[in-house]
Amino acid sequence: MSMAQDFTLRVNGKALQLRATADTPLLWALRDHLKLTGTKFGCGQGLCGACTVHLDGAAIRSCTVEIGGLAGAEITTIEALAAAPDNPVIRAWDEGDVPQCGYCQPGQIMAAAAFLKDNPTPSREEIRGAMTNLCRCGTYQQIEAAIARAAELVAAKGRSA
Amino acid sequence: MMTSEPSAPLSAVSRRTLLQLVAGSGLCLAAGPALAADAAATGFGVYLRIAPDGGIRIETPNAEMGQGTYDGLAKIVVEELDADWQRVEIALSGENPGMVNPRLRGQTTGNSEAVRGYFPLLSTAGAAAREMLVAAAAARWGVAPEACRTEAGMVTNGNRRIGYGALAEAAARLPVPQTPTLKARADYRLLGRDMARKETAAKVRGHAVYGIDVERPGMKLAALAMPDAAYGSFAARGLEAARAADGVVAVVPVRGGHAVVADDWWTAKKAAALISFEAEGAAPLSTDGLNAALRAMMADLSAPAGLAFGVEGGKDLAASRAAVAAAEKGAAKRLSAEFSVPYLAHGTLEPMCCTAQMVDGLLTLWAPTQGPGTLAALAQKLSGLAADKVVIHRTFLGGGFGRRWNSDYGQQAIELAMALPGTPVKLIWSREQDGQHDFYRPASMARIDAGLTADGSIAYWNSRIVGQSLIQAWRPGAGLDAPDYSLQSNVYYQVTARHQESSAVDLPVPIGYWRSVAHMPNAFFTETVIDELALLAGMDPLAFRLQNVDAPRSRAVLEKLGKMMGWPHPGGTDVGHGVALTNGYDSYCAVGARVRRDGKLLRVEKLWAVMDCGFALEPENVRRQVMGAMAFGLGPMLEGQVVFEGGVANTASIGAIGALTPNGMPLIEVELLADGGKLGGAGEVAVPGVAPAVCNALVAAGGPRVRALPLTTAGLDVVV
Chain U
1 MSMAQDFTLR
11 VNGKALQLRA
21 TADTPLLWAL
31 RDHLKLTGTK
41 FGCGQGLCGA
51 CTVHLDGAAI
61 RSCTVEIGGL
71 AGAEITTIEA
81 LAAAPDNPVI
91 RAWDEGDVPQ
101 CGYCQPGQIM
111 AAAAFLKDNP
121 TPSREEIRGA
131 MTNLCRCGTY
141 QQIEAAIARA
151 AELVAAKGRS
161 A
Chain G
1001 MMTSEPSAPL
1011 SAVSRRTLLQ
1021 LVAGSGLCLA
1031 AGPALAADAA
1041 ATGFGVYLRI
1051 APDGGIRIET
1061 PNAEMGQGTY
1071 DGLAKIVVEE
1081 LDADWQRVEI
1091 ALSGENPGMV
1101 NPRLRGQTTG
1111 NSEAVRGYFP
1121 LLSTAGAAAR
1131 EMLVAAAAAR
1141 WGVAPEACRT
1151 EAGMVTNGNR
1161 RIGYGALAEA
1171 AARLPVPQTP
1181 TLKARADYRL
1191 LGRDMARKET
1201 AAKVRGHAVY
1211 GIDVERPGMK
1221 LAALAMPDAA
1231 YGSFAARGLE
1241 AARAADGVVA
1251 VVPVRGGHAV
1261 VADDWWTAKK
1271 AAALISFEAE
1281 GAAPLSTDGL
1291 NAALRAMMAD
1301 LSAPAGLAFG
1311 VEGGKDLAAS
1321 RAAVAAAEKG
1331 AAKRLSAEFS
1341 VPYLAHGTLE
1351 PMCCTAQMVD
1361 GLLTLWAPTQ
1371 GPGTLAALAQ
1381 KLSGLAADKV
1391 VIHRTFLGGG
1401 FGRRWNSDYG
1411 QQAIELAMAL
1421 PGTPVKLIWS
1431 REQDGQHDFY
1441 RPASMARIDA
1451 GLTADGSIAY
1461 WNSRIVGQSL
1471 IQAWRPGAGL
1481 DAPDYSLQSN
1491 VYYQVTARHQ
1501 ESSAVDLPVP
1511 IGYWRSVAHM
1521 PNAFFTETVI
1531 DELALLAGMD
1541 PLAFRLQNVD
1551 APRSRAVLEK
1561 LGKMMGWPHP
1571 GGTDVGHGVA
1581 LTNGYDSYCA
1591 VGARVRRDGK
1601 LLRVEKLWAV
1611 MDCGFALEPE
1621 NVRRQVMGAM
1631 AFGLGPMLEG
1641 QVVFEGGVAN
1651 TASIGAIGAL
1661 TPNGMPLIEV
1671 ELLADGGKLG
1681 GAGEVAVPGV
1691 APAVCNALVA
1701 AGGPRVRALP
1711 LTTAGLDVVV
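Residue numbers (the working numbering), protein chains in the order written: chain U, 1 to 161; chain G, 1001 to 1720.
Looking at chain U on its own, in the form it has when it is part of the complex (with noise of 0.2 angstroms):
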């Protein structure tokens, strides 16, 4: 069993200090060590996106990857977005009343928020054909509303600045 070492990672604009084995999945690293628990664990299969996070911009299920590898690697979660003023997936989301019990949303924002990123005026199928984090109380109409709201609003934000 490997041993515990130091690492250092750069999550939200900040390097934060943590004790762990090198196979510890960025997801446990987050929510046990960082303490940044609005990155939920869902299946630690990478198969249901509840744990999305972006790693150097792209969308990723951080229980699939490692700290090992992730020395110098910038990592945004949803405290990030969260604390950012007038977010516009954020404020979709509100706007929109999205999550039913909630707990796959965080997951859901940050997919939706790297796809917005690549693609800031998707078609209704565009959104269909990228989402793909699941949800067990069936949001996928609010969210993918929402997608679409939110893409308004980046629209309406870049035609104002």
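Derived by calculation from the structure, the hints in this document are not laboratory data. Quick caveat, the model's predicted, so the values are computed rather than measured. Every residue, glycine too, gets a C-beta built ideally from N, C-alpha and C. Watch out, some of these pointers could steer you wrong.
The calculated label-pair distances, taken between Cβ atoms and stated as ranges, are [unchecked claim]:
hint	chain 1	residue 1	chain 2	residue 2	range
1	G	A1279	U	N119	46 to 54 angstroms
2	U	E152	G	R1103	56 to 64 angstroms
3	G	H1207	U	A148	21 to 29 angstroms
4	U	L16	G	P1097	40 to 48 angstroms
5	U	A15	G	T1713	29 to 37 angstroms
The calculated DSBU-like cross-link candidates involving lysine-lysine, where the alpha carbons are at most 30 angstroms apart (straight line), are [as the list claims (entries may be wrong)]:
hint	chain 1	residue 1	chain 2	residue 2
6	U	K117	U	K14
7	G	K1198	U	K157
8	G	K1678	G	K1563
9	G	K1315	G	K1329
10	G	K1563	U	K117
11	G	K1183	G	K1563
12	G	K1560	G	K1381
13	U	K157	U	K117
14	G	K1329	U	K35
Please build the complex by placing chain G on the supplied structure of chain U, with the hints as guidance.
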């Protein structure tokens, strides 16, 4: 018809459990033990507090797992209180014997009973508090209470106004009115309207605390080692290796296996993987063996059987069988059909988890639970502690669906706390364990014989349903000849002669409540037969239902559904439409489906539902409950089935439980009808109709008649 709800008799509620108007530090008091002790000491109740600044705090007694009762139940109090909704803060209560749901006789969340159960209590509490506040204001001004009005947290008299916060202390000293006047529905300001939900912001930002998010000072994390098999007898190997692994604090025997404790969950999980299990005794039954037992019971008419209420021959099994056999002889057309449905897993996205700590003879739990009352009783039994030495705080639930009605994971956390006094321990199951150690929706089989008169009415209905009984699972020894709701279908049609029997099969699979419980299999059986009867009669399936339903509200939801769907639809070879009716929980729900068939590939393109729950407290929330329920029912009917091999379930992966993905989500349209009557449940009733509606649509699309779920077992490819 607009009515007001019946109020709860206050003598039955007791003053202590009714309301608490706390002056001074009202909003600062902690939940849990402090609340309970304070309630007892001051002789007031549990749901409502008003702070001097007019802030309102509602302690909500129910689990919040996506049904929206967090806001919904609070609104019931606030509606009658006439407080300002913007000034209301909601908190999840702890376990509290004063917060029993009268319909469930426990502080339990299930059977779509939250609103139905708590409405009389909460509305009465709000109305009583309002009358006390008015009385306090009236006394202060020297006017009659009848001369005062209330609005948005203020009592007014002419031009005079005073806020509830300034009145709370004086009001709390007044007698509690025994029969406060409740509003008529027509006068509601909050209920019946949609408003932004209070818990949304925290859930969206990752701040909402679920069971898995509990943090305590000095907390350790625990992972489990359990056998792969859901049932059977096993011996653990490798405990010493786990104890010796880096970072392991303790290995503790717990219900079903061993828990490994470390500073972080990943370390604990890796060490838990060093523990293995060896089968003892005979190999546990596989699905083939389970199905053989069900088939044998289906054929064994000498086995004890329970009868549904209201059948021919009363409770006399032989007389009832004879009466329906006689009716069968006189029928113009007959059919006989056999059905089966599989075991299903819940798959809450948050795996089972619970935190517990034992300090100086006080056991504290932080639990995402649907059954805090049950958990408290279990904690007392396991620890030997008195009721006041067990404290249960509740968190949000990352899905419940009936799974968190069980206390198995709570028991493990209690055992950990007892083994490690002083240390708070958070236990988290792996996904594999969650899928392999579920309390599964029981499999069942059915045979239904039914027939028609010459004019297309239903001459007889003879059903036999067999499976594991939930009643037997919870109350072993309950009479096998009693009506067993877990194995009985409701038939919402006029039937001339009816015989409905069920027999329980004793099998080792752990079973439990699963969103909509027996309604889902039984609606599949019943609404398939109704469709087959319509085709046998040469009638349109919707027209046949409208001709034969036994309640006006069933007719109304079906008629509305037909309008939404643009009924009638001619059958085709690729696209088909189907309908189903599934009432329950005092609600009425008609479901429609449109499917597209491309060779063996089936896609559910659209679902419709019309729901009448009497009165929707929060209409948009009800619509979303219906949508979510339909999505919850769709995935499993397409491809969900728990298969056991030597007792090991095939559901170790979240991808194997029939969870609907975004790609499989059809467009769903929901409309509500409000009959204005009794309140009905909203969270479950739309689950069951999906399977028969889709199967009926498949036939209309030229596909096969499917009588065994999931659809994949009929050789179809599906989009889930």
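Hints, verified against the model:
1. A1279/G and N119/U have their C-beta atoms about 52 angstroms apart, which keeps the hinted 46 to 54 angstroms range intact.
2. Range check, E152/U to R1103/G: about 44 angstroms between beta-carbon atoms, so the 56 to 64 angstroms window is missed.
3. The supplied range of 21 to 29 angstroms is met by H1207/G and A148/U, whose beta-carbon atoms lie about 25 angstroms from each other.
4. Range check, L16/U to P1097/G: about 44 angstroms between beta-carbon atoms, so the 40 to 48 angstroms window is met.
5. Checked against the hint of 29 to 37 angstroms, the C-beta distance between A15/U and T1713/G comes to roughly 54 angstroms, which is inconsistent with it.
6. Note on K117/U and K14/U: the hinted pairing holds, with a Cα-Cα distance of about 22 angstroms set against a maximum of 30 angstroms.
7. Between the alpha carbons of K1198/G and K157/U the distance comes to roughly 27 angstroms, so the proposed pair stays at or under 30 angstroms and holds.
8. Of the pairs offered as hints, the one joining K1678/G and K1563/G holds, with about 25 angstroms between alpha carbons and a cut-off of 30 angstroms not exceeded.
9. Between K1315/G and K1329/G the alpha-carbon distance is near 22 angstroms, which keeps this suggested pair within the 30 angstroms criterion.
10. Restraint check: the Cα-Cα separation between K1563/G and K117/U comes to about 42 angstroms, which exceeds 30 angstroms; the hinted pair is violated.
11. About 34 angstroms separates the Cα atoms of K1183/G and K1563/G, which puts this hinted pair outside 30 angstroms; it is violated.
12. Simply put, K1560/G and K1381/G have alpha-carbon atoms about 52 angstroms apart, too far for the 30 angstroms limit, and the pair is violated.
13. The straight-line distance between the Cα atoms of K157/U and K117/U is roughly 14 angstroms, inside the 30 angstroms bound, and the hint therefore holds.
14. Our distance criterion of 30 angstroms between C-alpha atoms is broken by K1329/G and K35/U, whose separation comes to about 71 angstroms.
Consistency note: the structure conflicts with the earlier hints numbered 2, 5, 10, 11, 12 and 14.
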